[in-house]
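Spelled out, the chains give:
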Amino acid sequence: MSRLVKKSPSLCTDLPLDNTDIRNKLHLLWQLLRSCFGPTGRLKQVHNNIGGHVVTTSTSSVLLPAISSSQPFINLIKTSILNHVSRFSDCGLFAAILCLSLIERAKRSGLRGSVAISVNKHLLGLCTGYLQGEDCGCKVKLDFCSSLSLIKLSRSIISSKPACVLTEAEAVHISKLAVQAFLLTVPCNSPGIVRLGKIVTVSVEGHSVLNSAVFPGLLVDMPDVFGLNKVENLHSNPLRVVLFSASLAGDLSELGDGIIEVHPGVDTDAQILDQLLELGKRVVAEEVKLFVCQKVIHPVLQQYLRRHGIIVIERLGINVMEPLTQLTGAQPVATLHTTIPAKAYGKVRDVDIRQFGSKTMLHLHPPGESAICTMILCHRNETMLSELKVVCQKTEHVLRLTLREPSALLGGGCTETHLAAYVRHKSMNEVTETASALGCTQTEYFLGVEGFCRSLESVAAALEHDGGNCLIDLTHAHHWTLPADVITEHMEDSLGLCGCGVMQSSPNKKWTYLSTKYPQFSPAPLSRDTTVQPRVLDSFTAKLNALQVAVETANLALDVRYVIQDTN
Amino acid sequence: MPLRFSLLLFFMVSQKPIFGHLHAKSKHLCAFEGVEMLPVEHLHLEHVLQTVSVLESVILRSFGPEGGQVLFIRDTGQAMLSRSGTHILTALRLDHPLARMVVECVLKHSSVTGDGSKTFILLLASLLRMIHTAACKGTNVSHAYNSRKAAEAATARHLADKLLAFALEELADVIAMGVVPYGYCISWEDFTAKTQSPAHTNNNCVQKLLASFFLSRLGRTHCDFISNLTCELLSHWKFKNNQPPFTLQFVNDNLPALHTPVSGFPISCSRLIEGQVIHRDFATPCPQTDHHPVKAVVFTRYLQPKLLSAGEVLELGYGEQGKERSIVQFSAWAERSLECVIANLQSLGVSVILSAVKQSAAVLALAAQADMCIVECVSEDELSLFAQLSGARPASDCWMIESDHVATLTFCRPILLGAHRYVHVAFHDSEEAVQVKPCSLVICGPGEGQTDQYACAFRDAIHMLRLTLEPMGMTATTASKRTLQSNKNTSLEMENQIASAPPFQKCVLEPGCVIPAGGTFEFLLNHALLQHHGRSCSVSDDTNMGIPAVSQLLANVLLSLPRQIYSHSPRCFLQTQTRLLSFIENHSHPFSLVQKQEHNTILIQGWGKSERSLEDGKQSMHCCREADVSSKVFMLDLGLESVSCKYQLLLAVLQCVSSLLQVDAVLRTQTALRTQSHRLPNISWEGTEDEAEE
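Going line by line, the protein sequences match chains E and Y.
Heads up: the first sequence begins at 1 in the working numbering, then just goes up one per residue.
Heads up: the second sequence begins at 1 in the working numbering, then just goes up one per residue.
Derived from the structure by calculation, the hints contain no laboratory data.
Do not take every clue at face value.
List time: in silico DSSO-like cross-link candidates among lysine-lysine, alpha-carbon distance up to 30 Å [to be verified]:
id : chain 1 : residue 1 : chain 2 : residue 2
1  : E       : K25       : E       : K44
2  : Y       : K437      : E       : K281
3  : E       : K198      : E       : K176
4  : Y       : K306      : E       : K343
5  : Y       : K437      : Y       : K238
6  : Y       : K238      : E       : K295
7  : E       : K389      : E       : K198
8  : E       : K141      : E       : K426
9  : E       : K295      : E       : K426
10 : E       : K343      : E       : K198
11 : E       : K343      : Y       : K295
12 : Y       : K358      : E       : K295
13 : E       : K426      : E       : K121
14 : E       : K343      : Y       : K358
15 : E       : K359      : E       : K347
16 : Y       : K162      : Y       : K137
17 : E       : K198      : Y       : K358
18 : E       : K25       : E       : K107
19 : Y       : K162      : Y       : K108
20 : E       : K509      : E       : K141
21 : E       : K510      : E       : K426
So these bits of chain Y aren't anywhere near chain E, every CB distance computed over 10 Å [stated by the list, open to error]:
id : residue
22 : V70
23 : R129
24 : L164
25 : L314
26 : E380
27 : G391
28 : I415
29 : E585
Note that the structure is a prediction, hence the values are computed from the model and not measured.
Each residue gets a CB set at the ideal place from its N, CA and C atoms; glycine is no exception.
Could you put together the complete structure from these sequences and hints?
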């Protein structure tokens, strides 16, 4: 009442999910995201109304922030998915598609909100229990003895992002690089808590993807080649490094708020410069060969240092500071007057100059074993390069997740169909107990189960964009795709491999279309002695969390009975 | 004049979204001295009822077992989910003065109890409806009133006042007689029992009390999980040899520092972690060594001395002896003094510095060289919690560091929670320090909206527990305790006390009394009120004519709540009521304390058993009346709720009604500051107004 600016009352919507407009919008979002899913997903161009640059993508982490809607539901789902992606880097589209189809199916089934929610929650528990169990039929253990399965995992992630526009060979090259870089960040012989290193990514535009490379150590920009001619005769390895985190431009920042009165004839600037040169002298006397500063170095000091054969790097930026301290073992110095203790100096084994297109970079080799590496990513144009950079970061993150949980799930939609078959089978067997425990009738329970399984299967079906048919085999419940132009008589010839590539079509297999009803069966696990390895793998940790987040978000959305929108 | 008028129109139009239909009511534009136009709205009972009904219709969506969440979008575009009545009501940004008055009342009530805001609105609506009916029926148009409306209003007002008077005087006794005997007393020791045996029934009660609270606030899916987590947290934070409210107070005060919201994970990932999480990252490379224990110091000020504070003047030039005084000397001195400070800390073995402010780059660099790590900009709340837990004093002067400033930690390491890296510390068990197992709560959720919602619910749950366990009314506490203690010997005396019910002994409600949820309180009180009605009809007919009618009205109002709870199946409502009534009749001597104890256990254990028996699929021998299979839904909902919270709620609603009915008209004054074009000439006055707003 004391407000002078009048607040307008809020806009209210009762039972929002019964509103056709809102449901249409959700369906539209589902279609949009579905069309992006998987290796053959369609790309989306995002450009704003003020002529900013166009982004071509199919990645959820780029696409979702670009979708802005006045519809609170869309925003609710969007933020949930984005939060998941920011933690796990993968399976964002999976979560979004699953969540949206769960909402749609629950609404279509006409179940009471609370029943749909409790059934969903129960089935989620079934799924997570199964996935985490020992006898899970769609999980494979990752073998760290060979890099093969890691490469497969990273390749699945990279090839699921068609906006990178990579050829087969390029995709393999990038997946290998990603695994190589990841392995370089794992320290070999450090006892106790393992601290992973860091990959510094440098992107170079206009070169072939095959020129991309990974280097142990750090590559830093050298804008002026001036003074680098002497680098060749610097092989007094290892080189001593000093690292400054304070500005060496001659300013005194920590003076305070008082007033300074300067008498005529006193040249404060000269005094400070003298002090800086004094510092330079000490550094030269300490036989430092590489002088690095996070901020600006006074040109006179730079000149002085170069004259004494020291390589000077300034304006390093805060991001590279931590990797550099790890690499060299130096401790950043921020004092001008105190003597620099011996242990604050760091070491670099060697320096090289490397040329990538227009970029000249100084390669700092680590003195011993180090978990720092640099990844140079090249691509033909900026859009693809930025997508490639995003994808590589995601891959690195997913590979790191495997350290905690060394498993992967079958890709290509096989996990989803397998899980759906398992849930159908399991829920059929214990329907009476579960229905009474959840406080619903058996019919309601079956409706809920059907909606849940269909949603899972629809995610698998979303991988197909070219009009093909999706099938499921009736033994292992894997996902198969039948191209659109095939006549059904020759089905087993044209099916080839299943989605994940572990199964081969054979005449004694039975299939059914995903959209049809099939008799429930217990999906068989993979035979242990199989020599065939899956071709497509998905991150276990990311997918498990995505599943949980999708169901939880769908439950939240189903639980919303009223929307209040503050229009101020 | 046209401008004024348009403003007024704006006023009306803006109310459209939710109170559109209210504008059909009588509204006059009165001319005062021909200059000012003040719209006067005469408020009639129907208007009040209409207003509250609109609120009720919103609240109903999230009430009871079939209720859901309300999604609201803040003016910043941020989405929030909530089932909390207070959140929903404030988010509506109501304009109607009457509705705002109601919301104020609800907020005031729930700030005390942390619970019952939705029930408040429902009770209020139902009470107004009853009063309205009663007033319409019972009003004879007398000559004293100008119109029928005025007469109705007077009757309603009178009724509301009588209701309030009745509640203030007798409600506590009625509850003590008719409800409390069937309840159960939880006490602080129940938490203590938890650590020894997790399956202890008493602790089960606390957990159930919390579970039914979280059910109403968060929905069914996670209420058990969160209530278990809450119980666990509280049992960790149990201070030995301290009163229960102390723990609750402590957790309540430190909740911002004790919980960490993490988005992007499912709610089931929420957990307790040992020690304290400081919501900042290390400013220097974090400690590589794992040596134990870690010594830490808290600083509240800058470590590097400021060369010049404001107002001081530094003269640079030539001194008397011709010695040059250079700026460089000053900064060198500052650096050297900093080195001394760091060296001093090093000699004390300190390896972690927690700072309330941002330190200079020189401090960071020198500390890193001395193998110390610094955490900057730690919030005041967290530092005070740290000081309490570690027992170390925060240091303000970096030159005066003594051993009692140094805290000993078992570890201090980075912890990655969601997107952020924080500092995780754990405390050494020392004799003089508080004997608790410090732990922090990590609240996970898919988005920020959910984690906020859970944190809010958590805070309110603590409020609710506090109110439940605290004796009611500070002044009357001692009196009631004395009464209870003196009466523990003879039950007869107790009966007399209650029957006579002198006004200074109103607080006969024991602290910590809980009753099964799902409408039990309402059914029991309804029954008790009707009996009371019968008794007062026969015994004290001549003393107060109004009382019977009033208690009957209140009894009817109460039934509206279980009706809403069982709105999806009216059969359940009747079944539950019948079952309870037959239970009361079969155990109809609730006045003996010994027996009362028995009753408690019977009611609760009987129902608990029947719940279990349902799972087992067989009938329980004990209390088979309750184990009616057809009432599955009721059993599922079975939790516990606090009697004292309910009592407070009833009082608050009655107070709200009587104050609502006191209002008879709304005057809409026009404050001319709403638009830029209509500035008042008196600028100084406007200035003060602005200040007042801020």
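- Item | Contradicted hints - numbers only | The structure conflicts with hints 2, 6, 9, 22 and 25, although it agrees with all the remaining ones.
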